[in-house]
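Q: No gaps in the numbering here: position 47 of the sequence shown is 71 in the working numbering, and each next residue is one more.
Honestly, I wouldn't trust all of these hints.
What the hints assert, rightly or not - For lysine-lysine, the following DSS-like pairs were computed, each having C-alpha atoms within a straight-line distance of at most 27 Å: (1) LYS156 to LYS227; (2) LYS190 to LYS227; (3) LYS156 to LYS190; (4) LYS82 to LYS166; (5) LYS225 to LYS82; (6) LYS166 to LYS190; (7) LYS166 to LYS156; (8) LYS185 to LYS227; (9) LYS190 to LYS225; (10) LYS227 to LYS242; (11) LYS190 to LYS82; (12) LYS82 to LYS185.
What the hints assert, rightly or not - Label pairs and their in silico Cβ distance ranges: (13) SER244 to GLY105: 18 to 26 Å; (14) MET145 to GLU188: 22 to 30 Å; (15) LEU173 to SER203: 33 to 41 Å; (16) ASP174 to ILE237: 43 to 51 Å; (17) ASN131 to HIS170: 38 to 46 Å; (18) ALA136 to GLY105: 15 to 23 Å.
Hints are computed from structural coordinates only; laboratory data are not their basis.
All values reported here derive from a predicted model rather than from experimental measurement.
Note that the Cβ used here is the ideal one computed from N, Cα and C, for glycine as well.
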Amino acid sequence: NDFGEIRAQHLSRLFGSRDVVFAPPAAAVHPTELSNVASTERSCMTSAWHCVLDLREKTWLYVGHESEVPNPGDFFMTFIGEDRVICVRDNEGGLQVLVNSCRHRGNAVCRAEEGHATSFMCTYHGWTYDLKGALVGVPGFKEVYHEELDRENWGLITAAKVDEYKGFIFATMDPEAVSLPEFLGEVGQMSIAFIAERGEKIKAVPGIQKYIIPCNWKLSTDNVWDFYHGLTHQSAQMAGWQRSPQRKAGD
25 NDFGEIRAQH LSRLFGSRDV VFAPPAAAVH PTELSNVAST ERSCMTSAWH
75 CVLDLREKTW LYVGHESEVP NPGDFFMTFI GEDRVICVRD NEGGLQVLVN
125 SCRHRGNAVC RAEEGHATSF MCTYHGWTYD LKGALVGVPG FKEVYHEELD
175 RENWGLITAA KVDEYKGFIF ATMDPEAVSL PEFLGEVGQM SIAFIAERGE
225 KIKAVPGIQK YIIPCNWKLS TDNVWDFYHG LTHQSAQMAG WQRSPQRKAG
275 D
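Let the hints inform the model, and build the full structure from the sequences given.
A: Pasting the structure below:
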């Protein structure tokens, strides 16, 4: 139908030549063809999931806050799409976002969720990378590789662009992405500026929290931002949430 064609054209503009196929509604298909539709729908969902991951890699994503990496060598782990990445402040004070995967055999080069490091070493064969992701150490470089390995081309994969806005760190894997201010737009910049008004009071709470919740991820996310909890739940008051005191006449 026209809507399906428009949707396919829109995704085609996003993902280039990738073929995007949408299955028709099951109700519009003869019962004898349901098995084919079911398999088509499964493949469609798989394609849609990969499209979502591609979209994540083609856009700017929030990575963290500058208070999480105040000093050179400070790092923390996060995700871009399905890739684990290391956000680290290098020795020059710059922000780096490195894919946590050794270029030799794909093993993780960092296993800590956060901390301080002077380099990242793969525990498989000992390939070592500096804080910018450059390959600086290869066991057997002379004896095994006869100094022919081009180490400059075997550094860690890095985010194409890393930028921060008022202390909030963003990264994208797309080298052709628009600038971060252009991506955020007026509304995005205004929203971050509203949070950043508190100045130095804005800091990321240290420590790692992980939850396994048997539900759609949107359910837990919605509850994180449900501020009514702070007004109605006794547990919220016990945890330190307090309503602003009511001003009296004459105050």
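Q: Evaluate each hint against the coordinates.
A: Comparing the hints with the structure gives:
no.	hint	verdict
1	LYS156 to LYS227	24 Å, holds
2	LYS190 to LYS227	12 Å, holds
3	LYS156 to LYS190	23 Å, holds
4	LYS82 to LYS166	39 Å, violated
5	LYS225 to LYS82	32 Å, violated
6	LYS166 to LYS190	46 Å, violated
7	LYS166 to LYS156	24 Å, holds
8	LYS185 to LYS227	23 Å, holds
9	LYS190 to LYS225	13 Å, holds
10	LYS227 to LYS242	25 Å, holds
11	LYS190 to LYS82	22 Å, holds
12	LYS82 to LYS185	11 Å, holds
13	SER244 to GLY105: 18 to 26 Å	20 Å, holds
14	MET145 to GLU188: 22 to 30 Å	27 Å, holds
15	LEU173 to SER203: 33 to 41 Å	36 Å, holds
16	ASP174 to ILE237: 43 to 51 Å	46 Å, holds
17	ASN131 to HIS170: 38 to 46 Å	24 Å, violated
18	ALA136 to GLY105: 15 to 23 Å	21 Å, holds
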